[in-house]
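What follows is each chain in one-letter form.
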Amino acid sequence: MKLSRKEVRHIARLARLGLTEAEVANLREQLSDILENFEMLQRVVTDDVPPTAQSIDLQNVMRNDEVDPSRPPTEILANAPRREGDCFRVRAVLE
Amino acid sequence: MNFETIIGLEVHAQLLTKSKMFCRCRADYASAPPNTHVCPVCLGMPGVLPVINRQAVEYTIMTALALNCIIPEYAKFDRKNYPYPDLVKGYQISQYDTPFGRDGWLTIEINGTKKKMGITRVHLEEDVAKLLHRKSADGEVYSLVDVNRSGVPLMEIVGEPDLRSSEEARQYLVKLRTILQYLGVSTGNMEEGSFRCDANISIRPEDNPESMAKVEVKNMNSFKAVYQAMDYEAKRQRQAVAEGWKLVQETRGWVEEQGKTVAQRSKEYAHDYRYFPEPDLPPLTVGREWVAEIKARLPELPEDRRDRFVAEYGLPLYDASLLTGSRTMADYFEECTQTGAYWKLPPDTAAKEVSNWLLGEASRIMNASGIDVSQFRQKINPGELSGLILSAHGVINTATAKSVLGEMFHTGKEAGEIIVRRGLSQISDTRQLEEVVIEVINSNAQPVADFKSGKETALKFLVGQVMKATRGQANPALANEILKKRLTEG
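In order, the protein sequences belong to chains A and B.
So for the first sequence, my numbering puts the first residue at 77; every next one is plus one.
So for the second sequence, my numbering puts the first residue at 7; every next one is plus one.
No wet-lab data here; the hints were simulated from the structure.
Since this is a predicted model, take the numbers as computed values, not measurements.
Backbone N, C-alpha and C define an ideal beta-carbon position, used for all residues, glycine too.
Worth double-checking, as some hints may not be accurate.
Partner residues aside, some chain A positions facing chain B, computed with beta carbon under 7 Å [claimed, not checked]:
{"no.": "1", "residue": "Asp-109"}
{"no.": "2", "residue": "Glu-112"}
{"no.": "3", "residue": "Phe-114"}
{"no.": "4", "residue": "Ala-129"}
{"no.": "5", "residue": "Met-138"}
{"no.": "6", "residue": "Pro-149"}
{"no.": "7", "residue": "Asp-162"}
{"no.": "8", "residue": "Arg-165"}
{"no.": "9", "residue": "Val-166"}
{"no.": "10", "residue": "Ala-168"}
Given only the sequences and the hints, what does the whole structure look like? Please build it.
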């Protein structure tokens, strides 16, 4: 199954990636290869195998409802490209 | 053409845990400065691992049980991906196809008839960051992000489209909130945003099984807003069809000031969430023993408590419904019945008297001051109220007792103290009252003559005169008795 250019652009948009035409062409090939590999996996008969959500054998890992101190805002905001007071500042997003 | 209104509600309730859903940051952010309840897990920094808060899971299962849901044995969390600045990680951890509870119901009462309203599912997710929209001096529009709220446990309760009117929607919401408050899992405060509601509403022609386009309504921040928005939308849709428009599936926002809904621009790609199982959280097996343990911890729920109030205290169903409508009110009532003063009241009427005071004068004070039962309780506790009710048996009359309650509320002083200081005790001393009675008889010749010629109502007037002469302090029953005796004997 070969992805269309439009599908590649859609996926890039969802990931908030800006791509050049050359990159779209390149990724179209690469993503399609990945999908083809999965198509191969799909040929395995799994009718008797229950679906799984994970590959390690852990379950019911929970913690008690206890509070630890948070980090100071200076640390939290250390990587912020833009800030105002103790808030992150971002471009307006319309609802 | 006649149409039926079809409404389904989606409720989000923040859970009252101490810490957040997947990290140990404090969950209560109400009075916290921006970004002070944040850690690398909240921010989704590379390498961090979320860990499930057991209490949040138990609260969700507890709610699902109270809503008569099936509790599946297997549950997991999933990632819901969407790019929006209120999600720092770029995804929200939620539950896609394995909620903690499904297929339940709650009952509401419409005109005395019970109706079962379906609950599709109850699942657990995390709340998102708060965005503050700003405009700079040079006109740039931007947003500030406060991450404190992000990661607070959020329970979503999706209802079936079983509601048929704005009133049913309102009742469903009130009932749901009451249940959450009884369980102690959420404050249920809509104005503060810890209890939120979105609605799906459509209309269906009577002769057609298919309903028309479904409209999602958001931005309703009070019970009244939900009621009004549903009312507005039901009318708008009917009118649009009558005028020949085609209804479209869309999201509309309730604009409180204008009393109407307006179409919203939907988020780009909002419905391409690409859910997948959360790889950082191992799945959960919800063992039957665990469910039984949680079930055993369920408190008495509103309807059971109402029925018990009728059976145990002999209260009318109406009183019992109102008292148990809020857990704090019902608790207040029951605490009154455990005070020493309560046991000195006439046993046949004691419970009804307490109910009358709570639903009457006490509620009037709460409404007038805009406070709730727990705030009222800080001013006047159940022992103090019961003491006042007992005083109204002989020491002071009912009207005086009401004014004393007002003063107790404003000054924080006890009934006894106020009664003594203001000299409010009823005059129950026969000799003292007789003097007043003689004076009243002497100065009201006409009513006295009327009574003697058989006009019973004149006696009421004379009792009133005694009350007036004593500034309301006379024991009315005693005044009545002495007057009658004097007039018939003399």
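Discussion item. Let's test the interface hint: is any C-beta of chain B closer than 7 Å to that of Asp-162 of chain A?
Written reply: This interface hint holds because 5 Å falls under the 7 Å limit.
Practice prompt. Mind checking the CB of Phe-114 of chain A against every CB in chain B and telling me if the closest is under 7 Å?
Written response: Since chain B brings no Cβ nearer than about 14 Å to Phe-114 of chain A, farther than 7 Å, the hint is violated.
Discussion item. Next item in the hint list is Val-166 of chain A. Is there a CB on chain B closer than 7 Å to its CB?
Written reply: 5 Å, holds
Discussion item. The hint names Met-138 of chain A as touching chain B; please verify it with the least Cβ-Cβ distance against 7 Å.
Written reply: Result: holds, 4 Å to nearest chain B Cβ.
Worksheet entry | Interface hint compliance - Glu-112 of chain A to chain B, C-beta minimum distance less than 7 Å | Violated: closest Cβ of chain B sits about 20 Å from Glu-112 of chain A, beyond 7 Å.
Discussion item. Quick check on the hint: Pro-149 of chain A CB to chain B CB, less than 7 Å?
Written reply: 5 Å, holds
Worksheet item: Any CB of chain B closer than 7 Å to the CB of Arg-165 of chain A?
Response: 6 Å, holds
Worksheet item: Does the interface hint hold: is Ala-168 of chain A within less than 7 Å of chain B, judged Cβ to Cβ?
Response: Status holds, d = 4 Å.
Worksheet item: Minimum Cβ distance from Asp-109 of chain A to chain B below 7 Å?
Response: 20 Å, violated
Discussion item. Holds or violated: the hint that Ala-129 of chain A contacts chain B, with Cβ atoms closer than 7 Å.
Written reply: 4 Å, holds
In this structure, the hints that do not hold are numbers 1, 2 and 3, in rising order.
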